[in-house]
Every structure is written in C-alpha cells, then in structure tokens.
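Asker: Could you slot chain B onto chain A? The hints should help.
One line per chain: the protein sequences are A and B, in this order. Residue numbering for the first sequence follows our numbering, beginning at 3 and increasing consecutively. Residue numbering for the second sequence follows our numbering, beginning at 3 and increasing consecutively.
Don't take every hint at face value.
Which copy is meant is left open, so a pair is good if it fits within one copy or across any two.
In silico lysine-lysine, DSS-like type, Cα no more than 27 Å apart, as pairs [said to hold, decoys possible]:
1. Lys196 <-> Lys143
2. Lys52 <-> Lys129
3. Lys42 <-> Lys52
4. Lys103 <-> Lys10
5. Lys103 <-> Lys143
Derived from the structure by calculation, the hints contain no laboratory data. Just so we're clear, the structure is a prediction, and the values are computed from it rather than from any experiment.
Number of protein chains: 2
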Amino acid sequence: MGRHSDAKQRILDSARVLFHARSYSAVGIQEICDHAAVKKGSFYHFFPSKQALTLELLDQSWLGFEQAFISSLLNPERPALQRIVHFFKLGCEMQQRLLDKTGCVLGCPFGNLAMELSTQDDLLRAKLQVFFQRMETVLEKALLEAIRTGELAENTDTKLSAKAMLAYLEGLLLMAKTGNNLQDFTVLSEMALKLITNRCKD
Amino acid sequence: MGRHSDAKQRILDSARVLFHARSYSAVGIQEICDHAAVKKGSFYHFFPSKQALTLELLDQSWLGFEQAFISSLLNPERPALQRIVHFFKLGCEMQQRLLDKTGCVLGCPFGNLAMELSTQDDLLRAKLQVFFQRMETVLEKALLEAIRTGELAENTDTKLSAKAMLAYLEGLLLMAKTGNNLQDFTVLSEMALKLITNRCKD
Numbered sequence: 003m004g005r006h007s008d009a010k011q012r013i014l015d016s017a018r019v020l021f022h023a024r025s026y027s028a029v030g031i032q033e034i035c036d037h038a039a040v041k042k043g044s045f046y047h048f049f050p051s052k053q054a055l056t057l058e059l060l061d062q063s064w065l066g067f068e069q070a071f072i073s074s075l076l077n078p079e080r081p082a083l084q085r086i087v088h089f090f091k092l093g094c095e096m097q098q099r100l101l102d103k104t105g106c107v108l109g110c111p112f113g114n115l116a117m118e119l120s121t122q123d124d125l126l127r128a129k130l131q132v133f134f135q136r137m138e139t140v141l142e143k144a145l146l147e148a149i150r151t152g153e154l155a156e157n158t159d160t161k162l163s164a165k166a167m168l169a170y171l172e173g174l175l176l177m178a179k180t181g182n183n184l185q186d187f188t189v190l191s192e193m194a195l196k197l198i199t200n201r202c203k204d
Numbered sequence: 003m004g005r006h007s008d009a010k011q012r013i014l015d016s017a018r019v020l021f022h023a024r025s026y027s028a029v030g031i032q033e034i035c036d037h038a039a040v041k042k043g044s045f046y047h048f049f050p051s052k053q054a055l056t057l058e059l060l061d062q063s064w065l066g067f068e069q070a071f072i073s074s075l076l077n078p079e080r081p082a083l084q085r086i087v088h089f090f091k092l093g094c095e096m097q098q099r100l101l102d103k104t105g106c107v108l109g110c111p112f113g114n115l116a117m118e119l120s121t122q123d124d125l126l127r128a129k130l131q132v133f134f135q136r137m138e139t140v141l142e143k144a145l146l147e148a149i150r151t152g153e154l155a156e157n158t159d160t161k162l163s164a165k166a167m168l169a170y171l172e173g174l175l176l177m178a179k180t181g182n183n184l185q186d187f188t189v190l191s192e193m194a195l196k197l198i199t200n201r202c203k204d
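Bound conformation, chain A alone (with noise of 0.2 Å):
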C-alpha cells in the first residue's frame, strides 16, 4: 500500500477521487483515511482539517487543469477560436472517460465544489472562484489572439464572452451529470463560440 512517505499524497488522492464521485459533505475524513490506507493520526499529521485538505487538493488539481486542459487553450499550433473549440472538446473526453470508468457523468470537479460549497466555506469558494477567474482569462487571451489574428472584429467583448463561455460550459457540465449522459454535450459545446459578443457602440 506504498510508504509512509507517499501518505499525504495518497490523502490527496483519495479526497479528490472521493469528492469527485460524491460530493464533499457526503465523504468524511474516516472514510478518505481508508480509501488511502492511513491512519486517522496522519491525516491530522498533514492536514489541520477537511478545509485545510481540500485548498491544498485544489491547488494541486488547479495544476493538473492547467496541465491537461489551459495549455490547449494557449497552443499557438490551433487557431484561437479552434482553440476555445478544442478546449470544449477535451473536456467532453474526459467526462467521456470517467463515464466509462465509474458509470457517472461526474461533471467538472471545481464547479461541484462551487455548487455544494459557496454558501457554506468562504475561503473555499473564493479560492474556487479565482480558479473561475483564470479560467475565463486564458479563454480571453484566446479570443484576443483572434482579434489579432484577424478570425474576430476588433470590438469584441473579450472579457464578457469569456465569461459566457465559461458558464455555458459549467451549465452544459450540470446537464450531463444530472441526465447522467454526454450525448448532447458535443452538439451543444459546438456552440460556444455564439456567444461571443461585440461591444456596445456607445
């Protein structure tokens, strides 16, 4: 069951693959030390608290985000708006992936967290919503490398689309989960790109 050296990991894991599945209030710390094989005394060894845990799972996750998805969105390889496209599309794959393993749409890890714990942890929520922020300000650097590029108007609503975006994609993730099925995740992540708004004149 690896050493004791990979135990705070193993936490980490088992929080992130537990939450994920269920939802946080529904997972206790007892149950996450079984699912690592560690004890109790270690957890707290490492983590003060669920709380303290899960702002260090996010960051770590906030990592493997960057890594597998944020980095499609800043490839100079794609145009930028395939880009935005691509972005959607990986996100299908890997909701398409966790069907596969755990029979569950599980939706997207950081706007479950949101969702369950916004009204209840403010620290967690406003960790959760810087991770929002950043996501919406790599999809704008996209859209402003279009405008220069020449693929969008000059006047674009760089930020405002962005912001639509990304909720649109957090609504199309929520549908998925509680129709427990992607079928219409693809056809309607193809249409992101709609709301992609010009400013006012005035």
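Answerer: Relative to the frame of chain A, chain B by itself:
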C-alpha cells in the same frame, strides 16, 4: 409555533429553506425538525426518509416555480423572445431578493441539488432531470411561438436552442453563486438568445 396539522408543511418549508441555504448533505433530519419546531417522531410519521421528504419537496417546489417563472414563458402578452429574456430577468430578481435576505447568492434550488446528488441518488437525479426537461420544453414552446410569429426563422432548432439556453442559465447561476455576486448576471443573461441556433441543411 403553529398547530400539529401544519407540521408536515412546516417540515417541507424548513427543508426547502435549509437545503437552499447550504446543501442536502449538510442538513440533517434533526436540524430540519428543530427549524420546523416538530418532534423527530412527527417527521417519520410523514416521511420514511430524507429522500422521501425531498421527492415531495421537489414536487412542491416545481409548482411554485411554475407559478413564478414558467407562467411568464407562456404569457401571450409579451412577444415570445421577450418572454425568454423576461424569464432570465425573473431568475435574477429572485436571486437578488435571496441575496438581500441571506447575504448569499443561493443559486438554483434544482441545479444545486442536481449538482450535489446526481451521482449519489438516482431517484432524486431522475426527478431533477425531468424538471430540467420540462423547463426545456417550455423554452422550446416560446421558440416555436417565435417561429409562428415570424420572430425566428423556420429552420430554428428549437430543441437544441432550448437545451443550450437552459444550460447557460444554470451555468450563470453557478458563476454568480461562486462569486457571491450578481453583478454580471443581467448583462450575461441577455446574451442567452445568441444561443438560438438553426438546423443544419444536410
């Protein structure tokens, strides 16, 4: 604290308020009973479980939602597309009222539970899926009416457009909840009509 004959409704009202303010898992039967000022035995007289309570609560919430929101989508006094804009506006106004009252953007009561429970409770998931499908159907009716009155092209894909708009609304509510802020909600929700899409010609 009201008569025994109100006890069932008080339990339902308490569960609705507490689930919406926090989450399903975070609120236990004892807390619901305390909030409703009923004894735990009384709870089990009416409901065999928290799940049974929630199934009944959801049916009641749907009736309230129909009166407050769905009716506006079917109201012939407004042109059909304006009804959709108005539907989003009503959602924003309700969130603002709850924010003023509680200090928190509480989000969609259906979306919250769907996100939290879809992988954990298949009965609740299926009921929430039906509600979302009903919302899509009513949005689609407004789009069909807009085709009839010439506001939209004949080849509008009403089903896909309705799905996209509902997902977008749920995503906007999640983003507002995560930011605990309705600042962008109005301007973003006005962009929902951009998701109206036409059928492919093949």
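Asker: With 27 Å as the alpha-carbon cut-off, assign the pair lysine 103 and lysine 10 to within, between, both or neither.
Answerer: within (25 Å within a copy, 41 Å between copies)
Asker: If the cutoff is 27 Å on CA atoms, where do lysine 103 and lysine 143 land: within, between, both or neither? Let me know, please.
Answerer: neither (34 Å within a copy, 37 Å between copies)
Asker: Indicate which option fits the pair lysine 52, lysine 129 if close means a Cα-Cα distance not exceeding 27 Å: within, between, both or neither.
Answerer: within (15 Å within a copy, 31 Å between copies)
Asker: Evaluate lysine 196 and lysine 143 at a C-alpha cut-off of 27 Å and name the case that applies: within, between, both or neither.
Answerer: both (17 Å within a copy, 22 Å between copies)
Asker: How would you classify lysine 42 and lysine 52 at a CA-CA limit of 27 Å: within, between, both, or neither?
Answerer: Intra 12 Å, inter 30 Å, cutoff 27 Å: intra-copy only.
In this structure, only the earlier hint numbered 5 is contradicted, and the remaining ones agree with it.
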